[in-house]
Structure formats: structure tokens, C-alpha cells
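J.: Take a look at the letters that make up each chain.
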Amino acid sequence: MITRENKNPILYKVGRKHHEYRIAPKINKIWDRKRFPFTRRHFLKWRGIYNLKSLKRERMLSDKLPLWWLLGLGFVLITTPFLSNQLIGVSSIFCVYATINILWTLIIGTAGIFSFATLAVVGVAGYISAAANVYFDVPWPFMFIIGTFVGLVFGSILAAPSTRLDGLYYALLTIGVAEICRVFVVQLRVLAPQNGSITKVDSFIPNELFLQREGILIGFFASFVLLLLALLVWRLINSERLGLLLRTAKTSRENEAFAEAIGIDFRKARLVVFIISSAALGFVGAFYAMYFKSISPSVFSLDQLLILFAMMVIGGLGRADGAVVGAAIVTFIDKGLIELGPLRIILIAVIMLVVTIFAREGLTGARKQFRSFRKRKSGERRALRTEKNGEVMPEEATEILDKQEIYFRKFNKRLRDKLKKLITPELIEEHKNAPTGNHSDSLARVLNFFRRAETADKYALKKIYKEDSNSVYQVIAFSGVKTHPPRIVDDKEYSKLSEALHAVFVLRVNDLLES
Amino acid sequence: MDKILEIHKLSAGYGPLRVLHEIDLSLNKGERIGLVGLNGHGKTTLIRAITHMTEWQQGSIKFDGIEIGGNRSFGAGRRTASIVRKGISVAPQGDAIFPGLTVRQHLHCGAFSKTAWNEKENRINKIFEIFTPLKKLEHVLVGKLSGGERRMVSIGRMLMEEAKLYLIDEPTLGLAPKIYSSLLNAIWSLNLKNSSMIIAEQNVGLLSKNVDRLIGIYAGKLRGEVGHVELK
Amino acid sequence: MDISIIAYALNLASIYALMAISISMIWSSIGMINMSHGATFAVSGYSAWYFSVIFKPIIFSFFGKTLLAQILMGSVLIGSAMLAGALCGLVIYFLAFLPIHDKPNYPVRSLIITLGINIASIQLLLYFFGARNKGLPKIFGFGRFEIFNIPIRYDQAGTIISTSIILLIMLIWLRHSRMGIEIRAMMQNPEGAAYSGISRRITAIPVLMITGSLAGISAALLSQTIFVSPTSGSIPLIKGLTIALLGGLGNVPGAMIGAILVGFLEAIVGSIQQRYVMFATFIFIITILIIRPRGIGGLLDNTRE
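So the sequences go chain by chain: A, B and C.
In terms of this note's numbering, the first sequence opens at residue 1 and continues consecutively.
In terms of this note's numbering, the second sequence opens at residue 1 and continues consecutively.
In terms of this note's numbering, the third sequence opens at residue 1 and continues consecutively.
These aren't lab readings, by the way, just hints derived from the structure by calculation.
Treat each hint with caution, since some may be false.
Calculated lysine-lysine pairs in the DSS-like style (CA-CA distance at most 27 Å, straight line) [to be verified]:
#1 C/56 <-> A/377
#2 B/62 <-> A/377
#3 A/375 <-> C/103
#4 A/413 <-> A/377
Looking at chain A on its own, in the form it has when it is part of the complex (with noise of 0.2 Å):
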């Protein structure tokens, strides 16, 4: 640490606070927040601020994440039409992914429900629509209403024993329903007669031109509807009352006691949000099998859904924002640099590695986390700093009673720092020299200093009357209370004046020392 001998203190700000940013606006202006039409929800959220330092009212934006969204989805639907065709396709299977990850951390987040059977419950609905389609000729509008109900259904049988089995047990139970289903598709030759796969699946991008660029850009602005509406059925369900009321009974057994105690089904909230999920992931599965007109028992392995769950990863699990984020780097490495074959996968696992044992809650969450960190640390180095009767740390501050103490600790700490260096052996020869009588700056700060100290154990010279008329001096010390005598501090006894002074001076420089 760099010691700075100037006038100026350093101020050890305790409690660092981000930097934010701030508009002043026009006076008029200043309450003025635009709603959506025909409701009382805001756009953004401002925040009207007193700016203690220039004496104005100021705005300002409590919370960016609407801006961010904006940018990166807006990003997306502006630069990807004019990409390549395959980096189209890339960009829609990101969006139908994202939505997947962000109606799964529905589940596994505010749920708090370990389930696996995503693609499950999508690959079932996807089948049973497009069988559907091929085999009944129902037309493809229906297929989403089909899926969605397929979605309910098969939801609702996952959901029963998710209360009853504990999180790992139903997590396993979930990966295995995955495999079965796999396996059962492939065996049912009546459903799918080439190995498992239905094809030929009318769907909303008409069939000329399916692999034309125009099908193409169709078939992305679709998912990226999708993506969407999957971010409005998140805002929905997480922000509104169900979201709400899981939020007090997540990650601990006690706050599960607490909101049971407070009268919060959170149970059947948990089941319903589960099954509401799994309706959307539904639909998903029939708009998967439209957006490929195909359907195939791929959609059931373990690798993708793996993959999936790294994309939550390293996203942040929990979050829609880190759903979407670690959608988009696990898409864009997984299908982007599809030219270094296994290797990439390799590297969205090492990825995964990284963020899961250094960034705590994914990449979304690492400012939040560096923040606590560096906060962890400045209160270390300053409980290093912290002496006693010096500057007092806030945990201590709030025990006492009368706060003006604190502000006297504070300066009698800097005023005796200041003094501290102030006493050399020039200082001392000075006063034995002349203990009353002009003295230099120094002396007299030191001498104001203990002659303001408070009477408790304050040194004193008491006179003693000898026979012989000559008077000694002793040191005492004054108790400080009504009723008690002074103290004898030792047995010397000074004939000088001057001597006694002296004397006294030098005990209370010792003391100033010791503090």
C-alpha cells in the first residue's frame, strides 16, 4: 500500500456501490414514464433519484435487462437474414433450442423440479403430431393443438411422482424415460415404418420450398416467433403469482417449512408450473417436427439432451438470460465450427468445466459473483486495518447505542496518530527543560491534547506537607468517580516542581504511546 503524506485523508469507501447512471431531465419530465396501452404495467423501470451533491432531481434505470434483451434479440432478427443458408438454419435451430432451455429452466428454476424428460415430452408430442398428420390427415394448424395437448398429458404422468421421489431419484427416472421412449419408438413398427422416423410432415412452410432460401427465412422468423412466445410464457409464470410464490419455498428445506407455514401450496404450485411447461414443450415438439417436416428417434438421445443441460450450464442455471446466452455458444460451437469434428464437443465440456467450477451461477451470473467477491475481500483487508479504539467496522458500529461515539473514536484515533509522531526525544528534553513557559507548536498540541483528556485516570500532583515546610510531590491518578479516591501511582517523591511535572508529562506520553 502506497502512504500518502499529504493533507488529504484516504477514505476507505466501505461498501462499494456499481456506478450508475443518471439523467437529468427537464423539470416537468421528470415523473413522465410511458405505460403500455390500456394497462399500468411501465416500459422501464425509472427511478427518480435526489442528487445530494447538486441539489437536483434526477432519473434513473433501475434495471438494464430490458435493454439487453433488446439488443441481443434484436441482433439476431436483423443480421441473420442476410447470412448464409446454413447459418440460417443455425440461427433458427438456436432460437428453438433457447426455447426448450428456457421452458426447462421453468422447470428445473422455479420449479425446482430436476426433470430430464425434456426432449422426452418433445419428442413424444412430436411424433403424435406428425403421426397425426401423415396417418389421419389432420392439417397441420391442428398439430400444434395436438402437440400442446400430447405435451399436457404426458406432463401431467411425469409430474405424479416428482413429489414422492427425491431430486436425484426423479432425475435418473427422467433420464431413463427418455430411453425408453427411444427405444419404444423404434420397436412400434406400426407408427414409423423406416427405422423410427416419420417424414413428409406438412407444416406451415409450404412444400416447394422447403429447402429454398425462402423456406428457409420462413421457417427462422417461425422459431424465432416461438422463441418469442417462450420468453412471454417465462415472463408469465416466473415474474407473476406462481413464480412469486415458488420463489419462498426454492433451494432449502427450511424455506420449504417456511411458505407451508405461511399457508403457500407450494407443491401444487411446483406441479402446476410443470405441466405447463411441459404443454409449451409440446408444442415445441410439434413445431420441431413442422420446422423439419420430419421426425426421427435422434430427438430422444442422451447427447443432445446433455448438451442442452450445457447450455444451461454455462448460461447460468435459473435464469431465461442464461438460458438464451449459453444456447447461443453452445449453438454456435456445436454447429458453427462443425469442422473440428469431436473436438468441439471437447470443448463446450471443458467449457462447462470452467464456468461450473469458477463462475458459481454461469456466465450470466459472474458479475454478480465477482462483485461479492471483491466485497468478501475489501471487508478482509479492512478488518486487517481495523485496530482497537480506532475506526469501528459496521458490525460493531451497530451495537452501540450512541453513534456520536463512533465519531469521537474516529478522530481521537487520528488526532493521537498525529500526535504519536509528533513525540521525539527532542520533544521530551524540551519540556524537562521548560515544563511551563513558551513552548514549541508541538509541545503545546501534545500538552492541549492530555490536558482536554477526560478525568478517569488522569494524572495529577498531589502536594504532601512535610514538617520540615518543604513539600513533595506525588503522583496520583483521579478516579474518575464521585465518591473514590485518587489512586497513588508510585512511590517517587519529587521535591522540584518542575521535576513533578516532568514526571507526569512523561507518564502521560507513555500512555499516549501504548493506545
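We have chain A already, so just place chains B and C on it with the hints.
T.: Just chains B and C, lined up with the frame of chain A:
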């Protein structure tokens, strides 16, 4: 005047809550001190902080001249094993026994240093002399023992190692007077030689006459220190 | 359905038991769910193949086709598999245990890390060795014999006997040796273990290495009947996990009982209709877990939850 333990301005706590406020304590070799205070005032926290089971926020602890502190708050319990191996034996609050191991295996666990392991048979016999009821229960699973017997196993495990510092946390907690009186007699009759002992206890009367110093702890600060107390 | 099913069932059961017990032990002693056990399995299988390819000509040129050569071959196979398994365990220690074992959210994060190691190793094996299956030389040779009128193949008998011996040794070692007591102490009360000078970080090393070698042994034994391939570890991993859960996580006897049950179930269903084996296994496990959510062990997990 050899100091075996020097605690200087220790502040410890759980998370943001600070329980101990700048405690200064020093212990000489061969001394036995009692730490008294009500529940929740920091006795257990102090004992846990010495072995680094609880996170610290500030301070230094010198054990036998070696600094075993550290300003970085490692995970609680991370360095406990290495600190314990430097010569501290603990009988924690609530016994910390292993439900599936027998009494004999507990005592084996207590002898973690090489010398103790080589002499373990002698020491086990000595402990069975001190705590006679354990002799019959040598091969019984400790999970099935009663509270008093478990306490004896815990303290016996602590005694297997000839440590420089013994920390006993509330030896009479939850026990009936008939049972803990024999326990305490066994503790007092130990010949400490050069080791020191800290006993944290709520019941001051039990500690009187048997400890060299009695220190009170109140709201996380040490208040009042008396030597050779005799309570009537 | 003939009586040779019993041999087949016991064969499967012993291999599953090895995997399930290792997963159970890792969970209860250090609180980590090891999803990369399948990768350990595959890597050990590959190293066994590699060393057998190297040593086969040497041994056979020295000893010819004698029984001694067979035994040497077998020991090379199993030895290299055990060594590779132990090394994998060490890698897992450094990646999945040491950095995060006292940090928050440790069980979930260790699961994710081991998952990542699993994925990465499978891809690495694919990259280096290619996707084609490799065969291992048979340790126990071909041939059958009969016990109590039950026909058993040599390799089945070898597997069953060696697994039983290994498991017995391990159980005795866990019960009576110093390190075994330390591991069990750590399983039951981590705080008490710390006060007894048992450091979790140091004790995790033998736990991971031993479970790694167990996976290696099961790879060497299973690869007698199935080829070695990069994904050969995934199915034993899932089976091992489910059986460990079935027996109750942390409960070693429960895992063994579960392994025997599942082995028999698979043998019986497999003889009726091979396709429904996985299906039936899962239904069985799910049913038992619904009836007894803590598994066959049924008793409380002492410290881990």
C-alpha cells in the same frame, strides 16, 4: 512463562453475524481454565474458532508459537484436520460420534498421531480404567449407547492423544447429575503434565476449585477473570 | 428358460454390483455424484485392450499357449484396467472434488463437472481410437462346466468368483483397516472426523482411486462378453446409478442386493423378449422407489441427504 495459546483480537462469527468481538486470551502450559457463560454468548464459537471450524473475520491465534490463523476465511472445517494434528484434542458439543462404529474404533480414531497409534493398547486400557462403564461396551455400536456413555466415548477419544491443548465443550450438557459427576471426577483427576485444558461450561459451581482460572464470556466479549475461585 | 439363466443373471449382477457400490461409496463419503464413472469404465477398457495388444505377442512368445500364459495375460488385463481406473479417479479428484468441495452448491456442481468429464472423455476416445469396437482377449478361455446341474461358461464363472472375492476383500478392508474406518467415519459424521484428524481432502484420494479401480475391474470383466467402445461405459453407468439408488444411496449392502435383483430380472426378461429389458428394469426400479423412496436400504442415510 510458556504460552501455549495466544489469541489476539479474534473476531469470529457465522456469515455476517459476528459473535466474538476482538477477544484476547492467553493460556500457559499446564493451565486449566474454565470458560463460563450463558447459552449463545460465544463459548462454543470460541472453541470452534480455535480449531477453525467456524469462519473468522479478524484476529490471530498462536498455538505454541505457531500462527494457526489466517485472514482468508477458508471453508469452515477445511483446515481443521491439519490444525488438530498439530496437537489439539477436542471433545465437541454434542459429541460428534460416529453412529456406525464401535467404542473401540472410536478410540482408534482418536489416536491419529504415530506415537498414539503405537501405544494405543496401553492408552485404551488406561481410558477403560478411567471410564469403567466403557469396558463392557467395548464392541457395541456407539449409535446405540446412552447419552452419558456417548459423552464418555467422546472424551475418551479426546484423551487418546496426548495433546498440548484439550478443548472440552460443555461436558455436562444434557446429562443427569449422577452421571456427570463421575465424568467430571475423571476429568479432574487427569494428570495434565504440560498440557493445558479449556473447559466451556454453564454451571460455574462445577468448575470451582478445579480450574486455575475462570473466565466469563458475555455477548462475545471476555469479562471478568478470576483465579482460584472457591464458591460455597 | 433354462437354468443357465442363473449363471447369466449372477454374471450381470456382479458387474452391476461393482459399479453400484462404487457410486454409492463416493456419494456417502464425499458427497459427490460421480457421473463420469462410465468414462472411467470406457477408459479402463481401452487401456486393457491397449496393454493386451502390446503384451500378447511377448507373453505368448515366451510361454506358448500354456496355462501360465493365460494367467499372465489375464493379470495384465485386469492390472492395467485397475491402474487406469485409479488414474481416472485421481483426475476426477483434481477436477471435480478439490476445487469446489467446500464451496456452495457442491453436490449439483460436482454432478455437472463429472458430466462434463464424461462427455469430454467419450469424445476424446472417439477421436483417438475411432468408433469401431475393439475386442479383448478372453481371460478365462472358452468352455463350460456344470455345478449342481447348472451349466456355466468359464468366463461367467470367472467373473462371478472374482467379483465376489474382490467385494469380500473390500468389505473386510472397509470394516477393519485404518483407512477403511476413516472412510466410514467420514461418511457418518464429517465434523467428528475433522476433529479426529481425518482430513476430507486427503481421504477422498483413496476413495476415488479405489472406486476407479473397481470400475476398471468391471470393465475388464464385462468386456469379455461385450466389445470395448467409447460409449460402452454409458449403459453400465446408468445401470450402476439406478441400482445404487435402488439400494439406497450410501448403503453398500443395499446396492449389492439391488444388483442381484436387477441381474435376475434382466436375465429373465431377456430370455422372454430382449427388447423389453431396459423397459422392465426401469419399471421395476420406479415401482420400488415409489413404494420405498429411500431404496431397499430403507434406513435413513446418516449424514448425507
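J.: A separate judgement is required for each hint: does it hold in the structure or not?
T.: So, going through the hints one by one against the coordinates:
For a cut-off of 27 Å, the pair hint linking residue 56 of chain C to residue 377 of chain A is broken: about 59 Å separates their Cα positions. Between residue 62 of chain B and residue 377 of chain A, the direct Cα distance comes to roughly 23 Å. Compliance with the 27 Å bound is thereby established for this hinted pair. The hinted pair formed by residue 375 of chain A and residue 103 of chain C meets the criterion: a straight-line CA distance of about 17 Å does not exceed 27 Å. Restraint check for residue 413 of chain A and residue 377 of chain A: satisfied, since their Cα atoms lie roughly 24 Å apart, inside the 27 Å limit.
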